[in-house]
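As given, the protein sequences belong to chains B and Y, one line each in that order.
To convert, note that position 137 of the first sequence is 136 in numbering that gives the first Met the number 0; the numbers rise steadily by one, no gaps.
To convert, note that position 105 of the second sequence is 104 in numbering that gives the first Met the number 0; the numbers rise steadily by one, no gaps.
By construction, these hints were calculated from the structure, which means they are not laboratory data.
Treat the hints loosely; a few may be bogus.
As the list claims (entries may be wrong) - Taking beta-carbon pairs under 7 Å as the criterion, some of the chain B residues facing chain Y (in silico):
1. L24
2. H127
3. H128
4. S131
5. G137
6. T150
7. D254
8. Q257
Ideal Cβ positions, reconstructed from N, Cα and C, are used throughout, including at glycine.
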Amino acid sequence: MQGIAGKVAAVGAGIRQYKRGASPLPETGVLVGAILDACEEAGFDPTEIDGFASYGDDHNEPVRLMPDLGIKDLRWCSTVFGGGGGGIAGAIGQAAGAILTGQASAVVVYRALVEGNSGRLSEAVMAHHLNSHMLGAGLVSPAQMCAIRATRMFEHYGVPMQTAEDVVKACYYHGARNPQAVTYGTEFSHEAYEKSRYISEPFHLMDCSRENDGAGAILLVSAERARDLKKQPIYVLGVAQGAAKGWGDLLENDDDDQYASAGFKSVAHHLWRQTGLSPKDIDVAQVYENFSAQAVASIVDHGFCSWEEAGDFIRFDNLIAPSGRLPINTSGGNIGQGFIHGIGMMVECIHQLRGESANPVPGAKICLLAGGPGAPIVSSAIFANEIPA
Amino acid sequence: MVDVASLTSGADETYFEGLLCGEIRLQSCAGCGVSHWPAVFRCAECGSWEHEWNAVAPAGTIYSWTRTWHPFSGTEGFETPLVSLVVSLNEVPSVRLLGVFENKDVDPRIGEQVRAETTSVEFQDRSIPALRWSLV
Chain B
0 MQGIAGKVAA VGAGIRQYKR GASPLPETGV LVGAILDACE EAGFDPTEID
50 GFASYGDDHN EPVRLMPDLG IKDLRWCSTV FGGGGGGIAG AIGQAAGAIL
100 TGQASAVVVY RALVEGNSGR LSEAVMAHHL NSHMLGAGLV SPAQMCAIRA
150 TRMFEHYGVP MQTAEDVVKA CYYHGARNPQ AVTYGTEFSH EAYEKSRYIS
200 EPFHLMDCSR ENDGAGAILL VSAERARDLK KQPIYVLGVA QGAAKGWGDL
250 LENDDDDQYA SAGFKSVAHH LWRQTGLSPK DIDVAQVYEN FSAQAVASIV
300 DHGFCSWEEA GDFIRFDNLI APSGRLPINT SGGNIGQGFI HGIGMMVECI
350 HQLRGESANP VPGAKICLLA GGPGAPIVSS AIFANEIPA
Chain Y
0 MVDVASLTSG ADETYFEGLL CGEIRLQSCA GCGVSHWPAV FRCAECGSWE
50 HEWNAVAPAG TIYSWTRTWH PFSGTEGFET PLVSLVVSLN EVPSVRLLGV
100 FENKDVDPRI GEQVRAETTS VEFQDRSIPA LRWSLV
């Protein structure tokens, strides 16, 4: 392996999640708490944090976090372009780049979202994308934009709609077994899924992730420094971010071969090439599902199966821990665990590879984080609990 | 009077001017003739900054669709449920345009032939020129 593989590690992860509208503190306060949680489990002095990276237009400028965390010297901070979750894994790549080039030594990747402070996420995301062409067609929300792509996938490529339902079912299955999940104790029912109201066809309400209040934070340091900390380091093997030509134009005019995809054509290619890995090497995956069909497209984009094979591969039994061929969203994902703009899925990568998941995959060594699908810029990352040979 | 410049931050002002005149006008490069959509300022194929805008027939093929039931903020100008289409133009199939579907009580199907009329949609304090598609 080349590049950043094994050189940077996540040494702490913190997440604080509440029902939307129920956060006990404003956004910055919740975020400070999540960062302290990440530092505490690592045994890391938060005053030594010297870098930050985020995505999705997080409102918490790192300099505002310095007083509460006692940070002495902020050396670097950055964010990934775009209003959606497409940049989530890209933020890990930025952090790794800063650490490897000596611009920072301890970087927190974070996302915080409290409705009272940042408003509804769906509206903030759309503010990036909306143009007169969309408004004139009544298309104003991420749900509609993803729905219209999903129609193409189901109708034109003939992907069975059951695949999307099975993704939702897998999220509920894992969420039902995770005490930290909003769906804890709630078993999926086909009847409830079918009966949940249509939002934008083909999406029922249960196909959509629903916003929570909260914050999540991952602390990253060099692999060398990670050895001195309390928790098992989880290494970054690779990160890719971007868009291929013919993707991301905001006028539904993406190239025909990419239109129904989740936008990972080039990113998946770069990720596999960078790491020398292939889909068969992935033990478990956190597949960002803003909407069910986009997770299906993301699984196809990353090469786990083709459009034609999707109906066979993306089946409930294959998607669940401990023994599915590709257990996904083992905390419950955005749909089952809760949705703080996807940061919970990054935290689950760390928990799963440390053996701390509520739905452990026995012996899992390598975890894929497939970032927010369908965004103009998308990104994905691979984590591992061993340094590759 | 619609302020066309307020409708776009891109290179497609002429498109909206066309809709106001009841036409679909599309951009092609004056240097090499390549069709560009979304509209561009510069043609990356030949480097030209000069473009032509020509009217095309308002006829197309349904490429994808969704029927919206949730009363999203911003859809107040429409009756819900509302059907939105992506339509590939028959004269220039590589170009797809958006619009609402008039035959809202039927399920559209990918591949069906549709025809557009220009219309306008009220959004907040603006009037937006748009397309309304019907089955042929």
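Checklist entry - For which of the previously enumerated hints does the structure constitute a violation, in increasing order of number? => result 1, 2, 3, 7, 8
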